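As they're listed, the protein sequences go chains A and B. Offset between the first sequence (1-based) and my numbering: plus 1251. Offset between the second sequence (1-based) and my numbering: plus 1251.
Mixed in with the good hints there might be a few duds.
[Claimed, not checked] Cross-link-like lysine-lysine pairs, in silico, DSS-like; alpha carbons within 30 Å at most: (1) A:Lys1267 with B:Lys1356; (2) A:Lys1267 with B:Lys1315; (3) B:Lys1286 with B:Lys1336; (4) B:Lys1267 with A:Lys1315; (5) B:Lys1336 with B:Lys1349; (6) B:Lys1301 with B:Lys1315; (7) B:Lys1267 with A:Lys1267; (8) A:Lys1301 with A:Lys1286; (9) B:Lys1267 with A:Lys1356; (10) B:Lys1301 with B:Lys1336; (11) B:Lys1342 with B:Lys1267; (12) A:Lys1328 with A:Lys1301; (13) A:Lys1286 with A:Lys1356; (14) A:Lys1348 with A:Lys1315; (15) A:Lys1315 with A:Lys1342.
[Said to hold, decoys possible] Stretch by stretch, here's where chain A covers chain B in the computed footprint (C-beta under 8 Å, at least three residues): (16) 1257 to 1265; (17) 1384 to 1396; (18) 1399 to 1410.
[Claimed, not checked] In silico negatives: residues of chain A with every beta carbon more than 10 Å from chain B: (19) Asp1287; (20) Ser1308; (21) Leu1333; (22) Ile1350; (23) Glu1373; (24) Arg1391; (25) Arg1399.
Calculated directly from the structure, the hints in this document are not laboratory data. Remember, predicted model here, so these are calculated numbers, not experimental data. Every residue, glycine too, gets a C-beta built ideally from N, C-alpha and C.
Residues per chain, in single letters:
2 protein chains.
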Amino acid sequence: MKTLAAQVITPEDLLKHWQGHRALTRRVIEAFPEKDFFGFSIAGMRPFSKLTNELLSIASPALKGIVNRDSQPFTEKDTEELTTKAQYLQKWDESTKKINDNWQKLAVEDFGETFNLFGQYEFPIIHNIFYFIDNEVHHRGQGYVYLRALGIEPPFFWER
Amino acid sequence: MKTLAAQVITPEDLLKHWQGHRALTRRVIEAFPEKDFFGFSIAGMRPFSKLTNELLSIASPALKGIVNRDSQPFTEKDTEELTTKAQYLQKWDESTKKINDNWQKLAVEDFGETFNLFGQYEFPIIHNIFYFIDNEVHHRGQGYVYLRALGIEPPFFWER
Chain A
1252 MKTLAAQVIT PEDLLKHWQG HRALTRRVIE AFPEKDFFGF SIAGMRPFSK LTNELLSIAS
1312 PALKGIVNRD SQPFTEKDTE ELTTKAQYLQ KWDESTKKIN DNWQKLAVED FGETFNLFGQ
1372 YEFPIIHNIF YFIDNEVHHR GQGYVYLRAL GIEPPFFWER
Chain B
1252 MKTLAAQVIT PEDLLKHWQG HRALTRRVIE AFPEKDFFGF SIAGMRPFSK LTNELLSIAS
1312 PALKGIVNRD SQPFTEKDTE ELTTKAQYLQ KWDESTKKIN DNWQKLAVED FGETFNLFGQ
1372 YEFPIIHNIF YFIDNEVHHR GQGYVYLRAL GIEPPFFWER
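Using the sequences and the hints given, assemble the complete structure.
As structure tokens, then:
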């Protein structure tokens, strides 16, 4: 029987952490009025729909690239057809499932391996994954400001 | 000789990740004009100085609490005397050193232990630490919007 040594964080727990963040971002998408999701921004920044395009184009495709060690270039083309919040949320949920499936293909040893994500980001896999999470938290923080500026109370940050 | 088993992330690497984020936040503080650091906000949110009070009151004091297993309550009182950006940056740098010192007192086994941070957040220590990082990325993302609204180019997100 193989017993796992003490871990700073286990793969299972890191997935739960990531999906907790993704669940919160989903609530932020939901909180936007339909038209503001596509049209509202501050200081010429991207509206939250465009930020969501980026998040969707990283999370599941990037993990798939990692699992298959396939350095396909980054593209947002699979999100360009999305024109309603409902479509975004559906795509979000599909990504959630794909992430859960692909995550099972990662062994503890993989996280320290270097991989050239999108043919562009050559880092240990754990740092690519941290980047997905941090980038999502970063853009979601911007979404919080958009919601506040729209007079909408964002979901609690600690609600995952 | 003790060899460490494969890790999703090592303690050393997690510290480097955290301090990389803190270095970026430091550059965001630097990017604000003195008066806007204290006075500018959007939609009634806290100016970036107040957000920084929160970040300073969590990072080093929280880690100290963890290392000593001391559930002292959260307080921002040690940051209330700060009235210039230079003072904030000095406090930031002092925290950086204290964090590096206290981090050395954590063993791999500690990260999975439950601790009641600030007498209020009873979670495994790794999740308290993830919370510090995520909360900083979240508020810094808001700072990026403030800078954009002020017509100032924020530092690159991936520059740590």
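Status of each hint after checking the structure:
no. : hint                     : in the structure
1   : A:Lys1267 with B:Lys1356 : holds, 27 Å
2   : A:Lys1267 with B:Lys1315 : holds, 26 Å
3   : B:Lys1286 with B:Lys1336 : holds, 9 Å
4   : B:Lys1267 with A:Lys1315 : holds, 26 Å
5   : B:Lys1336 with B:Lys1349 : holds, 20 Å
6   : B:Lys1301 with B:Lys1315 : holds, 22 Å
7   : B:Lys1267 with A:Lys1267 : holds, 23 Å
8   : A:Lys1301 with A:Lys1286 : holds, 13 Å
9   : B:Lys1267 with A:Lys1356 : holds, 27 Å
10  : B:Lys1301 with B:Lys1336 : holds, 12 Å
11  : B:Lys1342 with B:Lys1267 : holds, 19 Å
12  : A:Lys1328 with A:Lys1301 : holds, 12 Å
13  : A:Lys1286 with A:Lys1356 : violated, 39 Å
14  : A:Lys1348 with A:Lys1315 : holds, 12 Å
15  : A:Lys1315 with A:Lys1342 : holds, 15 Å
16  : 1257 to 1265             : holds (count 8)
17  : 1384 to 1396             : holds (count 11)
18  : 1399 to 1410             : holds (count 5)
19  : Asp1287                  : holds, 13 Å
20  : Ser1308                  : holds, 16 Å
21  : Leu1333                  : holds, 23 Å
22  : Ile1350                  : holds, 16 Å
23  : Glu1373                  : holds, 13 Å
24  : Arg1391                  : violated, 7 Å
25  : Arg1399                  : violated, 4 Å
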